[in-house]
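Respectively, the protein sequence lines represent chains A and B.
Quick note: the first sequence, position 20, residue 20 per the working numbering, numbers continuous.
Quick note: the second sequence, position 274, residue 274 per the working numbering, numbers continuous.
These are calculated hints, taken from the structure and not from any lab test.
As the structure is a computational prediction, the values presented were derived from the model and not from experiment.
We put the beta carbon where it would ideally sit given N, CA and C, even for glycine.
Do not rely on the hints blindly, as some may be mistaken.
To be verified - Listed next, the stretches of chain A that the computed footprint assigns to chain B, with coverage defined by at least 3 CB atoms under 8 Å from CB atoms of chain B:
1) 161–174
2) 905–913
Unchecked claim - The calculated lysine-lysine pairs, modelled on BS3-like cross-linking and capped at a C-alpha distance of 25 Å, are:
3) A/K57 with A/K247
4) A/K45 with A/K127
5) A/K39 with A/K8
6) B/K75 with A/K45
7) A/K45 with B/K118
8) B/K142 with B/K118
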Amino acid sequence: MPGKLKVKIVAGRHLPVMDRASDLTDAFVEVKFGNTTFKTDVYLKSLNPQWNSEWFKFEVDDEDLQDEPLQITVLDHDTYSANDAIGKVYIDIDPLLYSEAATVISGWFPIYDTIHGIRGEINVIVKVDLFNDLNRFRQSSCGVKFFCTTSIPKCYRAVIIHGFVEELVVNEDPEYQWIDRIRTPRASNEARQRLISLMSGELQRKIGLKVLEMRGNAVVGYLQCFDLEGESGLVVRAIGTACTLDKLSSPAAFLPACNSPSKEMKEIPFNEDPNPNTHSSGPSTPLKNQTYSFSPSKSYSRQSSSSDTDLSLTPKTGMGSGSAGKEGGPFKALLRQQTQSALEQRGGSPHRFCKRREFPFFTLTAFPPGFLVHVGGVVSARSVKLLDRIHNPAFVGIMGNTRSYKLLDWNSFNADEPETRDAWWAEIRQEIKSHAKALGCHAVVGYSESTSICEEVCILSASGTAAVLNPRFLQDGTVEGCLEQRLEENLPVGCGFCHIPYDELNMPFPAHLTYCYNCRKQKVPDVLFTTIDLPTDAAVVGKGCLIQARLCRLKKKAQAEANATAISNLLPFMEYEVHTQLMNKLKLKGMNALFGLRIQITVGENMLMGLASATGVYLAALPTPGGIQIAGKTPNDGSYEQHISHMQKKINDTIAKNKELYEINPPEISEEVIGSPIPEPRQRSRLLRSQSESSDEVIELDLSHGKKDAFVLEIDDTDAMEDVHSLLTDVPPPSGFYSCNTEIMPGINNWTSEIQMFTSVRVIRLSSLNLTNQALNKNFNDLCENLLKSLYFKLRSMIPCCLCHVNFTVSLPEDELIQVTVTAVAITFDKNQALQTIKTHVEKSLQRASTDNEELLQFPLELCSDSLPPHPFPPAKAVTVEKASPVAEGNFRNRSAPPCANSTVGVVKMTPLSFIPGAKITKYLGIINMFFIRETTSLREEGGVSGFLHAFIAEVFAMVRAHVAALGGNAVVSYIMKQCVFMENPNKNQAQCLINVSGDAVVFVRESDLEVISTQQPTANCQPLCTGGEVTT
Amino acid sequence: MTNELDIFVGNTTLIDEDVYRLWLDGYSVSDAVARRVRSGILEQTGATAAVLQSDTMDHYRTFHMLERLLHAPPKLLHQLIFQIPPSRQALLIERYYAFDEAFVREVLGKKLSKGTKKDLDDISTKTGITLKSCRRQFDNFKRVFKVVEEMRGSLVDNIQQHFLLSDRLSRDYAAIVFFANNRFETGKKKLQYLSFGDFAFCAELMIQNWTLGAVGEAPTNPDSQVDDMDVDLDKEFLQDLKELKVLVADKDLLDLHKSLVCTALRGKLSVFSEMEANFKNLSRGLVNVAAKLIHNKDVRDLFVDLIEKFVEPCRSDHWPLNDVRLFLNQYSASVHSLDGFRHQTLWDRYMGTLRGCLLRLYHD
């Protein structure tokens, strides 16, 4: 399917002065695509040149269209010497390749130079004419839509959710090639930017091909990452969830070629039994050591195990010890077997080649109603690897003529010698898959992968949430009808996902089970950890809050294998402590579930950092958490006793305070009314350092505590002291502020349209003098807490407000440096309405249990995520449903702009969320995936490291906004800064930074405007409303 | 543990008005933090000094980056790097170009040159305005001056268009540019009691009536080397003012003028006798000022002369403002009844403006 790319260079403005003598510039432009270059005329002596060029036409393969960026270089003409480059613009033309996205790219782009930053702007128009070509063996995947959003995008309907797609490509890093010694930093940076752009294009094309093979037409939850492995190369990898999506405006439009499901699928009737534990329990299988589940155990179990197999330094063969037993895992329910088979069948649909690599993983974090049946808990796996040079002949020459070979390559993947990186990930995914199985789950949702690299050691991590899914969505979507209806009715909505998917008598880990507090029919764990967003139909009490566990461990500097071994040995301890901290903090908040859990382990030269973030909530279905009890080791000492009881009081007070703060007042349900077996009396979990009764590994891990009474907290132990203190030093956000790391905040449903996305970066230098773990922990803790405090202070004008999607990233750029990067969005909500809701909530809370079911049965059964105006807040309770009508437009908040001037720059909103409060997304314009390098050799002159990075991040935002505006959009949703690698050398007055961002460019229309439009011109809803006069702060 | 790097970047650039003011006032980060602490913000928000320090640094960095754009405000509107709502853009510009009364009084009418810039230390010491702030204000004056001095058309409009200032501020800048261009003396001790507002008022009147642009006869040939229209006084007009001398030189005319004024005002002034006694002196003063305006040096001393020749004599006789108004009205109007006087239009152009100025200047 070849195509014609057409480019017109219109004008430039605010160009820098390139000729000191005249204070002017003689600018011209080079337009390059692939190996073809066009030039404009030189526009003499102007800082605002008007080129008005002809249309430059490139006739190219669509393969190239997908891989290559359009490269526009602005130069200053010099008669006597070489022309000076002013800067470049890279334009990803991918959005022009599918019909529903943008049709033209036109607008002002900042001209970017890796040394000088933004230097003026250039106005460009780009169009693509595609010729249809139904070549079956095509290597391009034009037409497959990509979304960063980790839920079904608004204004689309999921027909089928196919499943996991992944791919990686590797190359040498130009920065480490020999030629880098002789070329300028600018040339080197540009080579890198271009290469990464190419690699991401190629990666996206390949993933697209896989999607087409699966008969899908879109990738949702697309996450692409770079591993800068230094000497050993550059890896670009991506994961996503293949789907068949249907645009909502044209409900009948089925995709002509791609959507004919194979017969066999259609015929499988899924006799769902939503009550797995009515089945008799299967044969009691011994617990698998590999099970590495955070979830419902109140005490931590077998934290070391996952590492055992993973920590192989050299690629050991596949799954090592213990994995054999997994196949016979706790597969008890028919439901699961069926779905499993559905998954496998789908994987093995017509072209069977991918069956073996099939992983039932979903990168989605939010799902269509009814999709998620049960949640088992968090599964994660880590592996420490030593990097060496990537031998990968197939991928070395990206531009070479190896294409046909490459196509074969991914098909017959396992036939060839697998590349190491792929094998590594396959290993980890296999691990995850077996963990999920052990939890009685056939799928993993909210799945993500990450790496941390320091010198030649690399930690690969993957995590997700084991889950049981409704097979209806995994196959052909046309099977709808009575079956579905029945299913919906049987599922206790609002609590169903909490019910344990595993066998009660054969639990993979010790946990306290009780009957669900919502429906009283099924068993639920006492605590639930997940990596997904709070399901929209979940019944929640009160508000949620951001919970973080932070941990540092010193490690000796070492080389290669010794280093990797040291890290491997530390990892289990880190995981254990992070988990303990999370659990304690959760209890301290009086909550019983974590959503959006993300545990990041970062490796540095001489330390390991662990940072876990999650949003704690109180799920109405789960039991009230017990308190935290501490006990002394030497109970005969009077003053010591006093100290202990003092601490205990403080803890109890904090819990009480938190319950009040987050409005956690679950209704007391008397047990007689329920008439079901009484849950065993809730014991207060004695958590700090407590040992789980059955776990051998814990003792093995922690010998000093192993011999002592399992339920005694040794308060005189410095570590324990530290734990208690760190619990109590976490200051709650100032009043009027809430925070969470998920998309939505339970208990707040009246957002105004005032949003502010921001990125904050902090680097601290540790005083190197004999650092202890304790001092390190304190430093790290202070760093994070202070950062949060600063955010609260800075955003105080937005009160009442909630920080949503708070995303912390830790890196250790040097020996004594810790870098924390935070991206989040602050959204103002309407306090009055909130109060009202709370009031009604309290009034009605007693009836809640009964109303819940009734209300929720009225849920639309369709899959569309946007049949209603996007009210982000789950109709979790009857009250919420009432309130869920579109939030009154916060017009009064929009300070009306005085007629200051003819501002030509349209506002482009950016948000890490998948929606924009008070607005409706009418069109997705394509994925934004940008990579920038900025370097300086005059660090002091640019305001030091802070000045340098501040300017760079502002520039990155500007370039993202400009690209979105040029596509005709007015917002970026699901925005994420995936990488911010900062390196400095103050002695040489130099610094360098690499930033990678992505998101979905969209057009949104304010709900208030929408009404106006729909009354006036019912069909026109696709016009980008660049809200000129609108003000957002 | 020290913060090596500490930044906050919002998609919408955060502007804290209070910190902006401190930055404009030229305070260092530590001084600004100290002042913010004193304002009680820590108690209100429960923040710590470290938070305040970090916040202030952030804002200062942002302002520093914005400053380059503020030098050419239309750039601020079209740039893509900082997403700032229009109302905030307007606020940034307006505040950046705002100036201190104390400072402008020191610089008004001085040549905006390097020499004057060197004196900024003294001005800073004298006025208590930080040197940094003095520099900003001085540079603003100079920048606006440079941009508009060679431009045709309305001075106020030009300023408004190129600097996007409010109407009020544009008028003030027009006055500053006008004074700087004509180098009116405003620093003499006698003139100390006058505010910038007084001068700006006079400048506006003069721009409206005494400059080339005021005549309203735009040059038909756009290439003609006509001097800047609003910034320079109309040379021809100044030349012509010599003709007014006859009003005091011709004894009959002077007597006639006096009798006309006295007849009209008899019984209406509380200081009638003083007026009658002083009429010739006052009239001589006013007409001589006009006649001398042909020399640049005397143009510069215009305000000194007006104070010496008219304001001070009246003030020493304790004329109430209303009597001054009645007198000046009658004084200018009566000339129309002088048959032998042929320069009525010239007189009106001169006296109309002067009357306005004098009334404004006449206060304690």
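How the hints compare with the structure:
1. 161–174: violated (count 0)
2. 905–913: Contact hint for the region 905–913 of chain A vs chain B: holds, 5 residues under 8 Å.
3. A/K57 with A/K247: Violated. A/K57 to A/K247 sits at ~32 Å, over the 25 Å cutoff.
4. A/K45 with A/K127: violated, 30 Å
5. A/K39 with A/K8: holds, 11 Å
6. B/K75 with A/K45: Measuring from Cα to Cα gives roughly 19 Å; hence the hint holds.
7. A/K45 with B/K118: violated, 35 Å
8. B/K142 with B/K118: Distance ~14 Å between B/K142 and B/K118 Cα, so the pair holds.
The structure shown violates the earlier hints numbered 1, 3, 4 and 7.
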